[in-house]
Amino acid sequence: MIKLPEPVEDVVYNLLRLANTKLPEDIGWAMEAASGWEQNDIAYTQLGAIMDNVKKAEHIGVPMCQDTGIPVFYVRGRFDSSIGRDIAKALERATKDIPLRPNTVDPITRENCGSNLGPGMPIIHYIPTDDDFTQITVLPKGAGSENMTRLAMLNPADGVEGIKKFIIDSVLDAGGRPCPPTVIGVGIGGTSDVCVAMAKEALLVPIDEENPDPVLRKLEEDIFVALNSSGLGPMGLGGSTTSLGVRIRKCACHTASLPVAVNIGCWATRRASAKITENGVEYSQGVKF
Amino acid sequence: MQSPLSEETVRSLKLGDTCYISGLVITGRDEMHIRAMENVSEGKEVPKDIEGSVLFHCGPIMAQREDGSWYVVAAGPTTSARMNKLEPDFIRKFKIRAIIGKGGMSEETAKAMKEVGCVYLAATGGAAVSLAEGLRKCVGVEWLDLGMAEAMWRFDSQKFGPLIVAIDANGDSLYDKVNSSLVRP
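Protein chains in written order, with the numbering used here: chain A, 1 to 289; chain B, 1 to 185.
Be aware that one or more of the hints could be misleading.
Stated by the list, open to error - Derived DSSO-like pairs (lysine-lysine); straight-line CA-CA distance at most 30 Å:
id: 1; chain 1: B; residue 1: 159; chain 2: A; residue 2: 56
id: 2; chain 1: A; residue 1: 96; chain 2: B; residue 2: 137
id: 3; chain 1: B; residue 1: 177; chain 2: A; residue 2: 165
id: 4; chain 1: B; residue 1: 85; chain 2: A; residue 2: 56
id: 5; chain 1: B; residue 1: 137; chain 2: A; residue 2: 22
id: 6; chain 1: A; residue 1: 55; chain 2: B; residue 2: 159
id: 7; chain 1: B; residue 1: 177; chain 2: A; residue 2: 164
Hints were generated in silico from the structure; no laboratory data involved.
Next up, chain A with everything else stripped away, as it sits in the complex (with noise of 0.2 Å):
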């Protein structure tokens, strides 16, 4: 879909729209096989249930979770160092109308100023790159999910088991709590930062796109049996439907560090992205990262 260059105030109010209103079709074409096999009966009711709302949330142009989270931006190529203020007036426009649920408070306090803006808010990942366009992708994390996350600083001789082992044990561990059937991201290596930012970033990258790591595609594959083995289920009431997906990225660690990271994507795990060239803006929902 292309559009005339507009506003990059007006195209990070329409990722927000996109992002909350539709669920990304890879996603949704997830659930829909995973509920063609699903042989508990609470469980099929589940999927059932969230696949309707997803129609509704669509059809209605309203998000589909009371939960529009805190919207994650990452911000790659090129771009003028007012792009910062450009998103946090689009945050604000969008709460207002869209509408998204003011979820930002003091952490202390506790007091909302309502606008889902704040100190340190937007949340902006800048990647600057060479290329001639702006990409802007939104990732709105909500709490369920987010409240889930798990750092662990693992020995490098626990090797790749002790890897499954605690990405394994943080889902099950989750329980119903962040909404499964859920979107696992896992960051292995870099330093613990830089671990837990790759555990979110995975979950950009669609969930049918193939891991062009051959070790890591394997990984996942093993977690994404092994999880569906459980018995977990949609909300945690049990059932073979306990993940859509597992995404793993990787970089370089010290050599006596094995950071792994686990960050989980409920099922409404939402994603939308603009890029900006001089031609236009083209909206997608599968992230090219």
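For this one, chain A is given, so just place chain B on it according to the hints.
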């Protein structure tokens, strides 16, 4: 089922049953529990309809019409485990009959539920638009100073659900059953 629920109705519900609720449903999250209990301990007034209510763990997206009245845009359950510390006292104090949420609650909470005659009903997490359809009419709000998500909203519901009986009034929990039979490689 018609809210307010009787203790008899609540005690007759079986684990895994699917049900729908019509009538008064109130919302409450962390801050609402804290405010209500603070007011009780300071001898201040507490909204009377908390007593014996159906309590929905939910921070809805609400919108206001030009005449000032509110309507619901999206309202799915929030993670109930966050209220584990607050809920046992709250249930005992206000004789709560049903809690609607997601993810289940602690053994301590289930114990209070058994004593009082209260069930935990699991709503589908994130199914906020479908569930909002059941919350037909907003009939009031308390403590809006806590923010939209944390305020106590009142709804006149109609066929609100589907809801699964996930902890019954005997304190038995579907989550415990699932967790104790989880297969870990």
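Outcome of the hint check:
1. 159(B) / 56(A): holds, 17 Å
2. 96(A) / 137(B): Given that 30 Å is the threshold and the Cα spacing comes to 21 Å, the pair holds.
3. 177(B) / 165(A): Since the Cα atoms of residue 177(B) and residue 165(A) sit roughly 22 Å apart, the hinted pair holds (cutoff 30 Å).
4. 85(B) / 56(A): Not satisfied, since the Cα-Cα distance of roughly 35 Å exceeds 30 Å.
5. 137(B) / 22(A): At roughly 26 Å apart (the allowed maximum being 30 Å), residue 22(A) and residue 137(B) satisfy the hint.
6. 55(A) / 159(B): Within the cut-off at roughly 19 Å; holds.
7. 177(B) / 164(A): holds, 25 Å
Checked against the numbered hints given earlier, this structure breaks only hint 4.
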